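In case you want the letters, here they are:
Number of protein chains: 2
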Amino acid sequence: MDWIVKDEKFNKENIVNNGNKFITGNGYMGFRGTLEEYTKNELVACNLAGLYDRQGDKWREPVNAPNGIFTALTVDGKELGVLREEPLEHVQVLDIMEGVHRRNTVWKTEKGKVTIKSQRFVSLSDVHLICVKLSVFTEQSCEVVIKTGIDGDVWDINGPHLENYSFEKGEKYIKLAATTQELKVTVVSAEICKRSFAAQETVEESEKGIFRYIRFYADPMTEYTIYKYVSVYTGNDEACNIVAECLRSAQKAAEEGYEKNYEAHVAKWKDRWDISDVLIEGNDDDQLALRYSIYQLQIIAPVHSDKLSIPARGLSGQTYKGAIFWDTEMFMLPFFLHTAPEAAMNLVNYRIRTLHGAREKAKYYGYKGAFYAWESQEDGQDGCSDFNVTDVFTGRPVKTYFKDKQVHISAAVAYAIWETYKFTVDDRLLLKGGAEVIIECARFYYSYAYFKEDKDRYEILDVIGPDEYHERVNNNAYTSKMVYHTLEVALETLDLLLKKYPREYSQLVSGLNLSREEVLKLIKFKSKLYIPQPEEKTLVIEQFSGYNALEDCTLKDVKSRLQDPKEYWGGGHGVATTTKIIKQADVVLMLYLFRNEYSDEVKKANWQYYEPRTEHGSSLSPCIYALLSCDIGNEEWAYPFFVKTANMDLTGESKQFAGSIYIGGTHPAANGGAWMSVILGFAGLQINDGEISIKPELPEGWNRIAFKVILRGEKYFIDIRKNSTTSMTTGDIIKIS
Amino acid sequence: MDWIVKDEKFNKENIVNNGNKFITGNGYMGFRGTLEEYTKNELVACNLAGLYDRQGDKWREPVNAPNGIFTALTVDGKELGVLREEPLEHVQVLDIMEGVHRRNTVWKTEKGKVTIKSQRFVSLSDVHLICVKLSVFTEQSCEVVIKTGIDGDVWDINGPHLENYSFEKGEKYIKLAATTQELKVTVVSAEICKRSFAAQETVEESEKGIFRYIRFYADPMTEYTIYKYVSVYTGNDEACNIVAECLRSAQKAAEEGYEKNYEAHVAKWKDRWDISDVLIEGNDDDQLALRYSIYQLQIIAPVHSDKLSIPARGLSGQTYKGAIFWDTEMFMLPFFLHTAPEAAMNLVNYRIRTLHGAREKAKYYGYKGAFYAWESQEDGQDGCSDFNVTDVFTGRPVKTYFKDKQVHISAAVAYAIWETYKFTVDDRLLLKGGAEVIIECARFYYSYAYFKEDKDRYEILDVIGPDEYHERVNNNAYTSKMVYHTLEVALETLDLLLKKYPREYSQLVSGLNLSREEVLKLIKFKSKLYIPQPEEKTLVIEQFSGYNALEDCTLKDVKSRLQDPKEYWGGGHGVATTTKIIKQADVVLMLYLFRNEYSDEVKKANWQYYEPRTEHGSSLSPCIYALLSCDIGNEEWAYPFFVKTANMDLTGESKQFAGSIYIGGTHPAANGGAWMSVILGFAGLQINDGEISIKPELPEGWNRIAFKVILRGEKYFIDIRKNSTTSMTTGDIIKIS
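Chains as they are written, first to last, in the working numbering: chain Y, 1 to 737; chain G, 1001 to 1737.
Just chain Y, with the same shape it has in the complex (with noise of 0.2 Å):
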């Protein structure tokens, strides 16, 4: 039972939630965890990667596709939904290792009950197919109509995205197809329906969508089953004709028949599973948790194209504008340079093939170099708006300095590509626009910077650290480091391509213009760079010049100052903004990064400092605390927090908004924090220069965790074992390819 969500009772109130608990997809799409009768109001949505639309002066947001799942029951004409009718019995089943999504629905009626079964999965095969088998039974006999087809009316946040609509029926298939507002992207979904009993069918537009009305009597006790194959088609894939592939894809599918295209759909997953999955022995709780969240990043990992990356919300929304955070290179990219490299690689990529966006943002603002979105879409261009949250009592938009202040993603998208690079020693990487890239985010930062003549160091002033809610701050400890980071791997990397090659070196110094003054200036810039130091008695970090002089009070303290429940709690003025309360990790994320550099005494003291003093408000923060205390060989300290990163989109109980504005769905950075407190801390497992260790320490309970990774082609096993009499850990390292 280890691979099963369930929820074993209807209840309204879980719409939203279930959504996201209950998704399948294949990174390619997403979609959420809905019932087959719902529509946008219960916020269905086969959410697409890669896709953006902006329709008038709203946020620009990822595009859903139509619904081609879409079922309705009507029996002996009334209509059978769990939100018309209360069930008496139902089900909603997520099969996490074959990533199948399944539910069951009985309904009491005059004649008796009528049971709804139905499973369906969005197909790692063939990323632009999902797959539905569908059944009606019935007690006694009965007139059934199974309304199916392609909802076109979709859920969008700030939409509506799509419009000029065309409808076609073909002799089997049914095809809608309609074009986005901004930049006439056509986004098509053909489906086939098969069954194998006989029945009167029509076929009906609506104003969005088209639908087949599949009309029969049901002689009772007897299972009645519909085969959906629905595809779905972008301007953006790279097909000649979308049209016709989009079709072809669910011919193929139809033809091929449901339990070959399950077949093939389960084969991938246990390719999938066979390298990531880790087991955990002794708390079946936490090993669903983690398999749950490792599941997560599977079905939005973009495996198939080197042109996308993983959004905040993976794939189960709009929300957050479906942009691609810092949280993909400092919470996501772990996992999959570990276990799925060349997805690593896709990743890191996207960052590469969207420098230009990058730089266009730094001109923008009057600076040099790279300075990456802080919400990046399609091309690298900004989705952020400036105004990020609502006021709740006012209902006005309020500014945030998110897009502008929040400079130091350039410097994660600097430290993913060395990450990458140093895990896979591929020079391509670097060759390939890697070297470019950190190059320009580190000219980006000395265009950025300030040199204080007084205290002869350069800072970095007015950003926004991890912790959001205070904006504005100098000399942020985190910021501040990943930039001295980011110049030191620039400085690494020139040396690098200047001795192994000297041509490629060449091109790149003169392609990027960079004069021998030019890098004297980032040395010196580096030299002199200022960096928040261990206070001398305390041991603890200033998290930025000034965050000692504020309000040192409790984050009770701050929570009791609530008017409104929805109130953000930063900017202008948030509850928590003149206060030491903080969004999430921040000294402690920069203390994690770079633990090689600190004492296991200032690590220490530093979580015991702002851990009190931490919302939690973001779902990037709990793992880094679960990580930092296992490095400190606390983790009676991390499992608490590594409980709260990997149940996060199980109990959906994460913060659902931000002044007003909704910021629900998943949480792939949660989710990847949960296998990094796993396999990072607990395990402890470290690569140094290619060379596999652990340091492990399991959580009261476990009696063992067992996990595969693969490194420069390798693949290794690693197996960690708690003796139960003398409570000894210990593990083995074994090379299995």
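No wet-lab data here; the hints were simulated from the structure. Please read these numbers as outputs of a predicted model, since none were measured by experiment. Careful, some of the hints might be misleading.
Derived DSS-like pairs: lysine-lysine, alpha-carbon spacing no greater than 25 Å straight-line [as the list claims (entries may be wrong)]: (1) G:K1715 to G:K1268; (2) Y:K521 to G:K1452; (3) Y:K528 to G:K1363; (4) G:K1147 to G:K1194; (5) Y:K403 to G:K1455; (6) G:K1521 to Y:K455; (7) G:K1566 to G:K1270; (8) G:K1307 to G:K1184; (9) G:K1452 to G:K1432; (10) Y:K455 to G:K1524; (11) Y:K58 to G:K1559; (12) G:K1252 to Y:K452; (13) G:K1117 to G:K1260; (14) G:K1452 to Y:K526; (15) Y:K169 to Y:K12; (16) Y:K521 to G:K1526; (17) G:K1403 to Y:K455; (18) Y:K368 to G:K1268; (19) G:K1403 to G:K1655; (20) Y:K399 to Y:K208; (21) Y:K363 to Y:K252; (22) G:K1524 to Y:K524; (23) Y:K133 to Y:K252; (24) G:K1012 to G:K1078; (25) G:K1399 to Y:K403; (26) G:K1078 to Y:K452; (27) Y:K133 to Y:K147; (28) G:K1556 to Y:K452; (29) G:K1368 to Y:K528; (30) Y:K307 to Y:K363; (31) G:K1363 to Y:K455; (32) Y:K528 to G:K1147; (33) G:K1604 to G:K1556; (34) G:K1260 to G:K1270; (35) Y:K399 to G:K1566; (36) Y:K452 to G:K1528; (37) Y:K524 to Y:K452; (38) Y:K399 to Y:K147; (39) Y:K363 to G:K1715.
Using the hints, position chain G against chain Y.
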């Protein structure tokens, strides 16, 4: 009638405004224009200059003395006062020529009319003294009780400030003493009440007051007059025994009698007007408004003490914490420099005396030198809170950056010292602290500035300019230019001292530990300091970096977005914050101050660009627009701004709230601005190196302006006339002593 301010009808709604409008004072104290029967509910205040108190953790603010003029009338058992009984006739008068407040109120009672008449003045000849003459007159005989004495239950915004009340009833006097909460400063008031009619008199104490009850049967058609001599002393006075002095002052006044005191007081006023009056022929309203502005400046001038300066709301109450703002240096000092150089010296001396406070503030924020307080109290400490506005929607205090980022105040202090020095050529000003202050201000800016290496320039970052709505901006043109000016005069001061006073120079630089190296740094700082320049095509100077990117909407747009009339427009997310709408003259102020350095084209372009974007939400704004337009010869642009400025305290139509915080009171900066508009604007008076010149242009309807100025001990009479037939304006400058 050009000396009389009058209100001929009682209207409850005017009570607060009339308190400001009919104010009397003498620099030691200001007595609000309230009626004798009023109490703290009607905002009675005898506001004391330079005595501050803090109650708990509330704002520090000036202390109001007990109200020694309190008098309430009871006729035949019925209390008669404007609040109790609608009067039949009521007139309130302020005679600004003599500095006298009068009221005359008639009630209709069952026994016919009852009249109360009073006049009072806050003495210019004894700054501790207030004299009151109050008469009762009834048409029929009736029983009268006059309750009069000292009401210690004073109005406080953030009080109570007085405690430990003690009362004394002497043979002829009554006395009330109390101490302030924070510093335990004694405040004492003595009252002697004289009358020439027989009455039964008792004295009673209340919790915070001591009152006489004067009972008598009034004959019909007979005037019964009492004379009150009220004296106020505090522990801040230099007297050895303030209690004895206080009593002596009242006794002396009582012995001399009302008329003699009155004559001495009026004689002093005559002297004041002799030098400061400005004659305007052709428009009586303008004549009165300007005289009234001068009156306001006279009643708050700290002529008697070189330890005081003038608070931003004069002595009209506790608004703005009774603190000294840059208003004094930039908007009031010119009037005093030209008409009362000793008072001007006192103002400047206040800043020299409080250098320590400015140094402490710099130190607190991690800077060197002198960071003058945004709201300076008695020792230069900053009365400004980190939260200066209350959010009208939540009732929560809003963090503002006035205190920590409005750094231009140090430059205003240096500017004022230098202006005073140029005016007086009195080297002692520099030798006795002025030079030290200027250098410490320059040092402060060096430690505040950052060097932008890739642009090879210093920048002044993270400030608030005069326009307070836009907080934490970079390269505010006004601030940067003022910093430049500070550096300029600091270096000039050093040169001057080195040449003329080598010994004092040595003492100064060694006392300040000012090395040659540091001076070279200041020179480099000055030469590479970035000051925003006129844009090539438009000639407009960007108010700060990024101003041009703000929303360019109209004042009307911004107003239409208000959801509450008391909303604060600026700060974290006020309605003006993200727009180009500014509170007050900013670039235009810079252009006025440095008018010799910019072309008329630049001045005109900026005036035209910024004026429609200026709310004039500060009393410091309209006069600057008037002055700059006079400077470029557009007196028709200037005139309405002069009218607005000069009438601010007469109409009481200025802003009353910042957020939900009451900011009402008088506006000495506007009063000073009105004087500047006429003398430096329309008359075009200029003094360069001791040479007086004029460049007059009179507004339409004005035929003549005539005034005096004092320059370096000499008096000049300037007489400007417009020939009604030729419309030619000519003027004479006549040396009269």
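| request: Any hints from earlier that this structure breaks? Give me their numbers in increasing order, please. | output: The structure breaks hints 7, 9, 12, 15, 18, 20, 21, 26, 28, 32, 38, 39; every other hint is satisfied.
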